[in-house]
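K.L.:
Spelled out, the chains give:
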Amino acid sequence: MYFPYLRGKQFELIAIRELVEYKLIGKNILPIIEPVKLSSTLTKTLELFSQEARFIAPILNPQVGNFLNEIKNSDSDKNAEKFVDLLENQYVLGTHITNENTVHELKSLFEQGIEKDNIILIHKNRDYLAQYSETFADKETRYNLIPDESVFRRTIRHNRVLFNDKFAKKTRNSDYINAIDEFFSDDHLYFADDGYKGFSDYSVIGSDYIESGFAPYAVAMHIVYFDEKNNLRIRHFVSDSNDDIKDPAGKFGEALTKLVKWNKEKNLDTYGIRKLMEHYENGTYPGLGTVKKLSVMHHIELMSDFLNEVY
Amino acid sequence: MSENHTVLSKVFTQSTFKDLINGKPNEVYGSCVKRYLNDAYNELENKTVIDRIYKILMTDYRNEYFYKNTLLNKLLLGRHSINTTVALTEVPIRKSKADFVLINGKAVVYEIKTELDSFDRLGSQLNDYYAAFNNVCVVTCESHYKKLNRLLNNTSVGISVITDRNTISIRKEPVEDNSRLNHKAMFGILRKQEFERIISNFYGELPSTSQFNYYKECFHLFEKIDILEAYRLTLTELKTRNIKAIDEYKKVPTQLKFLVYFSNFKEDDYFKMDVFLKEKFKGE
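Protein chains in written order, with this note's numbering: chain A, 1 to 311; chain B, 1001 to 1284.
Looking at chain B on its own, in the form it has when it is part of the complex (with noise of 0.2 Å):
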């Protein structure tokens, strides 16, 4: 893998996009365009142009956004719906941040280590994970396998490979383990409107006290709901953190789908977005 590939990430960020889009010149994108394609950019739509980009990063430099956005098309898009199944991504967990997190029926936190990434972390990310989530499995390379395998033989961490092809390889099911699930952990993932409603439900009210003691008065109730029936209030809650205008997500092409998921686009950005993708790619 060649370092000199970083600029690739650099191309698949929202601030780069949130410049294109609004019709600002962007260095990062002119300048990525202009060494990977050569000559060839003249007359492209950057629709195409942005394909071909992609298509390098499938090759040659599988990064974190490859990796986040193949999970989000294949299994969000692919194997569950949109309109049920909510996707999370940079949790911030105890002293960890769980790359992407899928909500239905159950919760799966995907902790991503590409062909990029070393293994140091592994072991108090994972188990940062289990306090707030049932359901954990690390998705990483062909060539991280074996090792992997190795690490979480006995354990009830799952193991998916996204193979030279692109696919999603289900090598080991992750198994639901329940035992290291925590109140603290999980509040900590809520917002200040989604407690409160957790709250206001279970009890029929809110705590009435000072500024400074009521995020402590509100966990003090939420811990002592049963833990199980907390975890299940909290997927809850997470779920209604959906994307807002789904049928105009659905245009949007597959190299952006991660990005845009996460953008908290408007109405009016998609359509922004469409002229962009649109228009001949005009140089810096």
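Pulled out of the complex, with its shape left as it was, chain A reads as follows (with noise of 0.2 Å):
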């Protein structure tokens, strides 16, 4: 199983619903989703996976962004009682990011009726690791996200998930430009045979959280795909003229140019890459956040697709 780790931002959650709404993805995606604000693009997200029957886990406790403060600040806000009651539904997964105050705060989400064996805990510090051994000494998770590394396994011995962030970020999107093509990933070739139930990554997007974009230099559009050895690679396409912030229609047609000659021989052929060339065809420019949508819609399709075959 996949879990893609997205932070809730508008373009990152809208990917994840159409790949539900137009039944690109199977059973073995289970998106992990930290709210980064209350909006109802996550309401309307949750609802959609709920009904389809689909798994979805919303952090509880998310680390970035402004999502506690408006949901302490909403009242009688509308999204944030559809939050609340959504949480009860059986396909919405409460996950918590494990920290020092993770004994008394799953205390206080089991009081409010969500079931031990239902939780998904997330383990990225080793000093919240006896705070797990306590909650959990009489019932197991129904999922551990842990990096890969012994301290983490000889404590978790069942649930676990491989979570690593595999997105190599640049400072600047030009600087793709010196590794235009890299190895990405193969924990879905050997999660299985190393004890993990299923693993994780931050798509193509990787782990920094930044609030709200500026206007960059260079467009930059990250594209993954299968060697001959299904190892997962990324390849990177970037504008050519970057020298200000002006002309992104421009930046991405170069960039966009780039990958339309490359899939020639690739023939990558996903919703993400199929409407990608459609821009193409009519010389389009959909903005940034469509672009990156596109990418992460790509990913994780094409995840699907592989887990779906093999599995």
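Source of the hints: derived by calculation from the structure; they are not laboratory data.
From a predicted model like this one, the values you see are computed outputs, not experimental measurements.
Glycine included, each C-beta is placed from N, C-alpha and C at the ideal position.
Treat the hints loosely; a few may be bogus.
Claimed, not checked - Distance condition first, Cα-Cα at most 25 Å in a straight line; then the derived BS3-like pairs of lysine-lysine: (1) B:K1239 - A:K261; (2) B:K1239 - B:K1282; (3) B:K1184 - A:K246; (4) A:K72 - B:K1024; (5) A:K246 - A:K229; (6) A:K292 - B:K1184; (7) B:K1018 - A:K170; (8) A:K258 - B:K1216; (9) B:K1192 - B:K1244; (10) A:K72 - A:K23; (11) A:K246 - B:K1047; (12) A:K292 - A:K275; (13) A:K246 - B:K1095; (14) B:K1216 - B:K1055; (15) B:K1097 - A:K246.
Said to hold, decoys possible - To spell it out: a stretch of chain A is covered by chain B in this simulated footprint if at least three of its residues, at any positions, have a beta carbon under 8 Å from a beta carbon of chain B; those stretches are: (16) 218–230; (17) 241–249.
Could you fit the two chains together into a complex? Lean on the hints.
P.N.:
Have a look at this one:
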């Protein structure tokens, strides 16, 4: 099973929503969402997943963004009410990032009716492993996302999900020109043999959280693909005229032309890629948010197809 | 100059005043008032509180906001008229950002070098500005003047000093220099609807092409217009960026003129600001 870990920004949420809406992904995909903003896009996404009987895992103690503040100060806000209601749905799996207050915070989640064996835990820091052991001595979690380190494996014996940031983020988009084709991941090949139930990563966005983007000098698209040994690789398509922040449409056209040329041999055929091809044919620029959405959709659809074939 | 005053720079910002006029508590304002007014803030109206904080800025910490606000008050509101002159700030030109630009019949870029600034990037900044505007002036303090005068002696760059009495003293008039004007730098300042107006007025139509090529095609057409004519048309467009609700703006206190000018205030915001200024300081 693949657990794409996404921040609940507009375009990331729409990416997974459309994947389900257009029936492009199977049950081997379980998105982890770290909400960063209380929005109707967030609640609509959770709603759609539960209606379609597909699991989705919102993080209830997000570490980035403004979500917790917004939900605290939301007197009779419709989205806040909806969000709380949705947590009772069986397809919405409450998820928790372990921290120094984990024992206490989990206790209050259990009091709200969330079941121990339905919760997903994300372990990023070894210091909180003792709190995990204390709380889950009797019953196991649904899943534990852990890094591939023995200290985590020793304590967490069950329902492990391998969690890593696979995306080698560069400071500037133009820096990708120096390594246009890189290894991305082979976790999907080995996770089961290594004793994991699944694997997780930050897709083609990376673990850094940036509140609001500013206009970039270069436009870059990040497209993953399988090599002949089924390793996942990533290829970066970068614009050429990168002297200023002007003309994003023209820069998108430059990067897209490279992708189209490359794909004549690769023949990637997912919804995300087909949409990008359409923009090329029509000479249209949908905006950078949509470009990111399409490259995330492509990644997740590709993983879903792979897992459907193998498992 | 003490670095401990940096909190003063955070008071005169759009984000602080957005909180304040919307009745939200603002930590920067609260702590600044307590620190600089000691215990003397009780029962004072915010208008008076801000006036006192600004006086500290004027005497002890002449930062960029003070310079910009002085330029706006003395030049735009004092010497020229708000109806016929437009001010711009943070205008991106090539690799630089122009601090302050005034446009009426002609246009002048003002580069601010406060007592807190160094001259490290001055050469490249001035060079960039001349690609988009034909008059450039450095505004500085008395202590920087001699050095600056040596640096700019044989150039067209003007020098003004904001004196210790906070008046503007023109030491060297800028000389118009059209030799470095550049189509690309000018085009880079314009917003989409601005360059579209220039092109459709000049050629009678806009290019019909794909979105990928549209910007390039528009620039191509702009580039063909004679450089001085292109400059004139660019200034005409930039002058349309005038502020709305001029009557309300006139009532804004001197200390906040710059801030409000660039805050895109609607009538409602002026009203809220007025309410805030008349309220007594509430603490945090």
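K.L.:
Run every hint past the structure and note whether it holds.
P.N.:
Hints and how they fare:
1. In summary, the hint linking K1239 (chain B) to K261 (chain A) is not supported, as the alpha carbons are separated by about 45 Å, beyond the 25 Å threshold.
2. Distance hint between K1239 (chain B) and K1282 (chain B) is unfulfilled; the C-alpha atoms sit about 40 Å from each other, more than 25 Å.
3. Annotation: proposed proximity of K1184 (chain B) to K246 (chain A) holds, straight-line Cα distance about 11 Å (limit 25 Å).
4. A threshold of 25 Å between alpha carbons decides the hint, and for K72 (chain A) with K1024 (chain B) the separation of about 16 Å falls inside it, so the pair holds.
5. With a C-alpha separation of about 41 Å, the suggested pair K246 (chain A) and K229 (chain A) falls outside the 25 Å cut-off, and the hint is violated.
6. The suggested pairing of K292 (chain A) with K1184 (chain B) is violated, with an alpha-carbon distance near 29 Å, which exceeds 25 Å.
7. This hinted pair does not check out: K1018 (chain B) and K170 (chain A) have alpha carbons roughly 34 Å apart, beyond 25 Å.
8. For the proposed pair K258 (chain A) and K1216 (chain B), the alpha carbon gap of about 19 Å is at most 25 Å, so the pair holds.
9. Among the hinted pairs, K1192 (chain B) with K1244 (chain B) is consistent with the structure: their alpha-carbon atoms are about 20 Å apart, no more than 25 Å.
10. Taking the CA atoms of K72 (chain A) and K23 (chain A), the gap is near 35 Å; set against the 25 Å cutoff, the hint is violated.
11. Distance restraint check for K246 (chain A) and K1047 (chain B): the Cα-Cα separation of roughly 41 Å exceeds the 25 Å cut-off, and the hinted pair is therefore not satisfied.
12. Of the pairs offered as hints, the one joining K292 (chain A) and K275 (chain A) holds, with about 12 Å between alpha carbons and a cut-off of 25 Å not exceeded.
13. Straight-line distance between C-alpha atoms of K246 (chain A) and K1095 (chain B) comes to about 13 Å, which keeps the hinted pair within the 25 Å bound.
14. This hinted pair does not check out: K1216 (chain B) and K1055 (chain B) have alpha carbons roughly 49 Å apart, beyond 25 Å.
15. Proposed proximity of K1097 (chain B) and K246 (chain A) is supported: the alpha carbons are some 15 Å apart, at most 25 Å.
16. Counting residues of the region 218–230 of chain A whose beta carbon lies closer than 8 Å to any beta carbon of chain B gives 0, which falls short of the minimum of three for the stated coverage.
17. With a threshold of 8 Å between beta carbons, the proposed coverage of the region 241–249 of chain A by chain B holds, since 5 of its residues qualify and at least three are required.
In this structure, the earlier hints numbered 1, 2, 5, 6, 7, 10, 11, 14 and 16 are contradicted, and the remaining ones agree with it.
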